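Input sequences plus hints: build the corresponding full structure.
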Amino acid sequence: MTVRVRFAPSPTGYLHLGAARAALFNYLYARKTGGRFLLRIEDTDLARSTEESTRSILDGLQWLELGHDEEIVFQSENAEKHRATAKRLLEEGKAYRDFTQKAAPSDLNVKDQIRERARQNQGEKNMRDNEYRDLSKQESDDRAAAGEPFAIRLKVGTASDSDRVSLKTSFTDAVYGLQERAYAETEDLVLLRSDGHPLYNLAVVCDDIEMQITHVIRGQDHLTNTHKQILIYEALGVTPPTFAHLPLILAPNKGKLSKRKHGEVVSLTTYRDAGFLAAAFRNFLALLGWSTGEEKEIYSLEELIEKFSLDGVHRSNAVFNFTENDPRKWTDDKAQWMNAEYIRTMPLDELLPFVKAELKSAKLWREEYDPEGRALTSTVPSTRAADFQTDDEERPENLAFDIPEIGSHDWYVRTVDLIRQRFFTLKDFSSQGRAYFSEDYDFDPAAIDKNLTKFPDLRVWLPELADRFETEFGDVEAAADSPRVSSPHVSKGSSRKPFTELNIETVVKAFTEEKATKLGVIMNGARTLLTGVAVGPSMLSVFETLGVERTVMRLRSRVAWN
RNA sequence: GUCCGGUUCGUCUAGGGGUUAGGACACCGCCCUUUCACGGCGGCAACACGGGUUCAAAUCCCGUACCGGAUACCA
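Using our numbering, the final residue of the first sequence is 562, and nothing's skipped along the way.
No lab work stands behind these hints, which were simulated from the structure alone.
Misleading hints may appear alongside valid ones.
[What the hints assert, rightly or not] With a cut-off of at most 20 Å between alpha-carbon atoms, the simulated SDA-like pairs for lysine to any residue come out as follows:
{"id": "1", "residue 1": "K259", "residue 2": "N325"}
{"id": "2", "residue 1": "K254", "residue 2": "D221"}
{"id": "3", "residue 1": "K454", "residue 2": "A516"}
{"id": "4", "residue 1": "K360", "residue 2": "K427"}
{"id": "5", "residue 1": "K329", "residue 2": "G255"}
{"id": "6", "residue 1": "K94", "residue 2": "E131"}
{"id": "7", "residue 1": "K450", "residue 2": "T517"}
{"id": "8", "residue 1": "K168", "residue 2": "N201"}
{"id": "9", "residue 1": "K259", "residue 2": "F322"}
{"id": "10", "residue 1": "K356", "residue 2": "D417"}
{"id": "11", "residue 1": "K356", "residue 2": "L546"}
{"id": "12", "residue 1": "K94", "residue 2": "M127"}
{"id": "13", "residue 1": "K363", "residue 2": "S430"}
{"id": "14", "residue 1": "K259", "residue 2": "D59"}
{"id": "15", "residue 1": "K32", "residue 2": "A174"}
{"id": "16", "residue 1": "K256", "residue 2": "R115"}
{"id": "17", "residue 1": "K94", "residue 2": "T186"}
{"id": "18", "residue 1": "K334", "residue 2": "S267"}
{"id": "19", "residue 1": "K334", "residue 2": "V265"}
{"id": "20", "residue 1": "K87", "residue 2": "I72"}
Just so we're clear, the structure is a prediction, and the values are computed from it rather than from any experiment.
Set out below in C-alpha cells:
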C-alpha cells in the first residue's frame, strides 16, 4: 500500500513554525517512502478562517518547496458528508441526540473555563451521565421531529463493548509508543453541533478516510484527540491509520510559541522576508525534534529525504531560542548561523538567482549582470594578493586580461562571491553590499567615527590617495567615454598599470610610508568611504572590485565627513 | 483536579549498563590580519532530585520535583 500523508492546517493565521515543521516531516516521509503528500485546509471554523491566511500558508509551503501531490482539499466543502456520517452513526445506535441546551458563553477565556469546570468536577465526573444517552429511539425521534435542537454525540464504550477485557482505546504511536486511555477518561464527544456544524474530530476522521491517509503525522497536542478519533474509526468500522506525533516547538521560556506573545518570529514568511534561504531554514527546522544521530548539521533536501525516519523523531519538546530585545538575536542563533553557512558555502550558481531577486527588489539590479550567452559561472582566475603570498617570484606581471569589466556578468559573479563571505542573509547583498552596486549608499555612523573622525589627516590623505591612483592607474579618456560601465582598468595605449590588488598594494604601501602612518588607518578610512561600513573583505579586493574610477571618485567624496 | 508525555552543556542534540559523556550554535580567549560578523586553534559548560536493581547506572525500575500537552456544541 502506498503511503499517503497529509498536512492539514487550519487557516486561522499565518503559517506557524511548528506547523511548517509538521508539513516538512510529512513531506519528507512521503518522499522517503515514495508516497503522496497531500494538503487539506481545515477551514470548518468559519468565524476564524480567512482566505488571506490560506494564501499565507500556501505561500509558506511554496517558499519551503514542499509541493503537494494532489488537489487541495477544503474541509468545509465536505461538511455534508460529515453530517451524513454523523447521521449514519446515529441510525446505527453508535451515537445519540443530546438535547441539552448549549452552555452559555462565559467571561472566562476558553482554557480557563475548561480547567474550571474540570476542577469543580473533582475528577468525580462520570463521562456517561448524559440523561439523553439512553433515550428511546422513539422519544429521540419525536423530539427531533418536533424541532427541538440537539447535538449528536458519540456513544463511547457502549454496552456492546462490555465483554471486552479492558475498556480502553489504544494505539501504537510511531514516535511515542503504546498509548492507552480508559474509556472512562473520554467524554461522549460531540460529532455534530446543534446548528448542524460538524466538529473537528469527526471531520478529520471522515476526511482522512476519504483521502485514504495511511500515516497521520502531526503535533503532539493531538495525542489525546487520537483516542477520540480512534473511537470514531471503530464506530465506522474502519482501520485507523498509523499515527506519529511530533514534539512541540516551545518559546525560550518553555511556554507555547504564539503570535500573541512572540509576534513575527513565529511566522514562517518572516524568514523568507528577512532574506533566509529556504534550503537553510528547512535544514534548521528539520533538526528541531529530529536527528539522524550523525555529527552533521548541513543536509540538502535530498539528504533529508534519504535519512528521514520516524524513529529519529524525539519525544521531548524543543526550544526555539531567541531574545526579544536583542536585534542580533531576534531569532534562533543556529538558524542564523545556518543561513550564513549556506550563503557562504553553497554553490555560487545556486546562490546567484537569489541575489538577483534581492537586488531587483532593491532596485540595484542591472541587466548587464546577466550572462550574455556564456556559461552561467565562468571561472575567473584569481588576482587576489592573498593567493600569491607564498611565492613572490611568481606573481604575474600583468593581470589585466583576468580582470572582468566592471559591471559585467563576470564582475558581478566575482563580486557576489567576494562579499558573500561575511553575509548572513540575502538582505545583506542590498544593504551591507549596497556600495558595490550603487553610488547611493549610506554611511554607518559608527564606522565613520571609528575610521574617519578619529584620524583628521585622512581628510587630506584620502583625496591625495585618489590623485595617486589616478596618476598610476587612471584612464581619463575611457572614463569620459562610458561613465557608468567603465572599461577594464588598463588604458588603451598608455603604459599605466592595471588596477589589480598586487599593484594597488604597492601603491598604498608606498603612500602609507610617505605619510608615516599605519596601513590600517588608510585602509579602514578608505573602506568606510568606499563601502559605508566598517566590515568587509580585504580592502585590496574592494579597491579592485570597485575599479579605479569609483575608487577615485569615492575617495574624493566629502559626504561622509559632514 | 484528572489523564498523557517529557527532563544530557544557555540552546539544538549524540550516547540506551563500563565513554576523559561526543558534536553544533552561542559565549570567551589566542592566531591570521588593513577592518570584520570570514577562517584556524583552544576554552567554558550538561546527565533534575531521591531511592532501588547491578561488580558497574546518564543508560533499567520506583518515587518526587519541575516543564509541557490534553481535558470545548474550537481547530
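Now the hints, each set against the structure:
1. K259 <-> N325: holds, 16 Å
2. K254 <-> D221: holds, 15 Å
3. K454 <-> A516: holds, 16 Å
4. K360 <-> K427: holds, 11 Å
5. K329 <-> G255: holds, 19 Å
6. K94 <-> E131: holds, 16 Å
7. K450 <-> T517: holds, 16 Å
8. K168 <-> N201: Holds - the C-alpha atoms of N201 and K168 are around 18 Å apart, at most 20 Å.
9. K259 <-> F322: holds, 14 Å
10. K356 <-> D417: holds, 13 Å
11. K356 <-> L546: holds, 19 Å
12. K94 <-> M127: Judged against 20 Å, a Cα distance of about 16 Å means the pair holds.
13. K363 <-> S430: Given that 20 Å is the threshold and the Cα spacing comes to 9 Å, the pair holds.
14. K259 <-> D59: holds, 18 Å
15. K32 <-> A174: Judged against 20 Å, a Cα distance of about 16 Å means the pair holds.
16. K256 <-> R115: Judged against 20 Å, a Cα distance of about 17 Å means the pair holds.
17. K94 <-> T186: holds, 15 Å
18. K334 <-> S267: holds, 17 Å
19. K334 <-> V265: holds, 14 Å
20. K87 <-> I72: violated, 26 Å
The structure fails hint 20 only (numbered hints given earlier).
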